[in-house]
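Trainee: Use these hints to put chains B and C onto chain A, whose structure you have.
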Amino acid sequence: MKFVDEYRDQAKADSLAQAIARITTKPWSIMEVCGGQTHSIVKYGIDELLPKHITLLHGPGCPVCVTPLELIDKALQIAARPEVIFCSFGDMLRVPGSGGDLFSVKAKGADVRIVYSPLDALKIARDNPGRQVVFFAVGFETTAPANAMAVFQAQAQKIPNFSVLVSHVLVPPAIEAILSAPDNRTQGFLAAGHVCTVMGFEEYLPLARKYHVPIVVTGFEPVDILQGILMCVEQLEQGRAEVENQYARSVQREGNRPAQQLMAKVFRVVARKWRGVGEIPSSGYSLREEFAAYDAEARFGVTGYHVDEDSECIAGQVLRGVRKPQECPAFGTRCTPERPLGATMVSGEGACAAYYQYRRHQQTSQTSLTAGKRS
Amino acid sequence: MCLAVPGKILDISGSDTSRTGTVSFGGVGKEACLAFVPEAKVGDYVLVHAGFAISVVDEAEAAQTLEYFRQIGELGELEDKP
Amino acid sequence: MADKSDLPFTISCPVPIADQDFVTLAHGGGGRMMHNLLERIVIPAFGNQPLESRHDGAVMKIDKGRLAFTTDSYVVHPLFFPGGDIGTLAVTGTVNDLAMCGARPLCLSAGFILEEGLPIATLERVVASMARTAKAAKVNIVTGDTKVVDRGKGDGLFVNTAGIGVVEHDLVIAPTSVRSGDAILLSGDVGRHGVAIMAVREGLQFQTTIETDCAPLADPVLALLAAGIDVHCLRDLTRGGLATTLIEIAESSRLHVDIRERDIAVEENVCGACEILGLDPLYLANEGRFVAFVPAAQADRALQILRSHPVSATAARIGAVSESPAALVTLQSRIGTKRILDMHSGEQLPRIC
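Order-wise, the sequence lines are chains A, B and C.
Per my numbering, residue 1 is the first one in the first sequence, and the count goes up by one each step.
Per my numbering, residue 1001 is the first one in the second sequence, and the count goes up by one each step.
Per my numbering, residue 2001 is the first one in the third sequence, and the count goes up by one each step.
Hints are not guaranteed to be accurate.
Said to hold, decoys possible - Sample of chain B residues at the chain C side, in silico, Cβ under 10 Å:
#, residue
1, L1003
2, P1006
3, V1028
4, K1030
5, V1048
Hints were generated in silico from the structure; no laboratory data involved.
Beta carbons: idealized from backbone N, C-alpha and C, even for Gly.
Chain A with its partners taken away, still in its complex shape (with noise of 0.2 Å):
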């Protein structure tokens, strides 16, 4: 495929391998954001490919990982109800709230739809007049424009039983609190490529200066990542902190106008909680007043929610970077992808449910194997 399979080249990942082992003379931690640059780093295994020194963190870039428990609960009430059509995005299935998730209640009777896009949930909407056609609006600001859209073609065509169930997060704030923690290691970020391509880069300007940190918006073919990482210790090497642009391909330092524009009229900036680490102000979406009519929580009435999380997880210094998954005693024994304990594990994006996918079999001895057991 084009535009793909030439940022999967064995040369090329060579030749960035090498160039990176060349000019790194100090031990660096770099941190990428998005959980899709966590799943090709951890199935390329590019940590492998870099020299000792250079340390890979992974972020909270999962939206999935990071919506909190209420948030959760409140999507399986409302997909409990025999007159909604609960539509969602294949990776929120399976996210466990404080009981059950959407695949148990879909099993137990509810009409629970995976769709691709927004749209498709909207489709229903109309294809379904008597029905309370739902859609779990959850994303950064790469899936903030579509949401948006739904949004507002809802309005734009009167179509009143649609609504959207909010549980939108913004990724300049998340690094702000990674940065402003005391115990912070993180010296380096590559930037998550697609929410740049929506956003543009202008708000990392500041981020860089304030905190002396170089970020890379990257994308998220391992040559990519590897570019980006290049980049990255390059900057880190010399001690400029600046922000830089290895996706070029897609994102312009701008980003894209009509979808910022679009989302200015249906999303206003507000606090969010994230699952692990708390509420960051100025962090997330919700939707305006004009389009009020069409939030979920509100239409359902299921506001007030609070839920403890599991005491034993460590999620947020996972998410943070200051501690790994493996590092985590519950790790791969009371904490698994089937019975997840937090935010990391909950989804395949997450670094613990990555670290558990592709890496566990090597804290173990090489002899005595078998799936499910660790040392």
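Mentor: The following block gives chains B and C in isolation, referenced to the frame of chain A:
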């Protein structure tokens, strides 16, 4: 967020917020909303996320990046970035 | 006979079908309605002597060799998908399980559980598919059963097929026969069936239809055995795909399986669909693909034989078996790094993250 896939625009219809097109991903055609890429034309490659094109692939930039890889591969030392 | 499942079905019998358009509980009652259903639809479609004797069971003669016996139930939803349907699967799946034992498939049974309200036309279509597929696989459906359950107690139609085959060689074809040093051969490209089903089930309509790869596999397997290839293990790549199958074999045999991503073929349109949906083709179901574990010295000859059959024309060597790390499957990625393949906890779902 993450999964956006590059595909080639085969046809376009509608305008403004109802602008849509068929995008081909390795031969598989799927409809995508093109409202956020008003400058995109038939034959362009776009990145599609959740049924929406969020950018037009800048082929010149892509070519430059690939050329850069070729250079560092050949010379085996760090070049100026594009 | 129709070649594609979406062409209108035609029956050979000129007498018009009974006045019912839908299956009712009466059709399961053992009386005249059930009798008519079998006489008009099932028996003529499957057309063979044991079935036509209309006895409780079929008796046949086996000259020599061992018997292979297998069963599977088919509950696929939707019933019809690009390139096939539950009937195609029900015959192919069981025929292939026999082939994976190194057996020549002989005959099948077919048990139907029909939900009250199922359109008779749907049953006709499925039965026609089964007849067509059985003929292509050179097996007869010699006995069977039909039950009807209340509306709401069945997903339209469930099918169970059991199959008997004859094993005409002395090999033990099983994970326990896999040896360190064995070559791993893959019969063709992967991912098609999983994508075909996912596309229809999740309503993720593509404008280019991806069809299932569903196909009987006995011919290339029997050819390998006839040529004297020392086949250690065979497995078809159904639920969970290539990755899960290899993990199961590695765990059963307590050996190490190592494969190379660049040697595993995935059609470009399947790639495209997987990219959009965020699916890994290595974990997607296939219904017409298998892996074979053979001694390394015989690998080239085995490939030659496989490639001479249409269903395995693009067979390739994808990896090898070694002692350690035991019970693990490793994949050499396209960029030259290695990772361990592990089972997914559930079925893959489309994702956008």
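Trainee: For each hint, tell me whether it holds in the structure or not.
Mentor: Hint-by-hint comparison with the structure:
A hinted interface residue such as L1003 (chain B) counts as satisfied when its beta carbon comes closer than 10 Å to some beta carbon of chain C; here the least separation is about 5 Å, so the hint holds. With its C-beta approaching chain C no nearer than about 9 Å, P1006 (chain B) sits inside the 10 Å limit, and its interface hint holds. Satisfaction of the interface hint for V1028 (chain B) is found here, the shortest Cβ-Cβ separation to chain C being roughly 4 Å, below the 10 Å cut-off. Interface restraint check: K1030 (chain B) against chain C, minimum CB-CB distance 6 Å, threshold 10 Å, status holds.
At about 7 Å, the closest approach between the beta carbon of V1048 (chain B) and any beta carbon in chain C falls short of 10 Å, and the interface hint on this residue holds.
Checked against the numbered hints given earlier, the structure satisfies every one of them.
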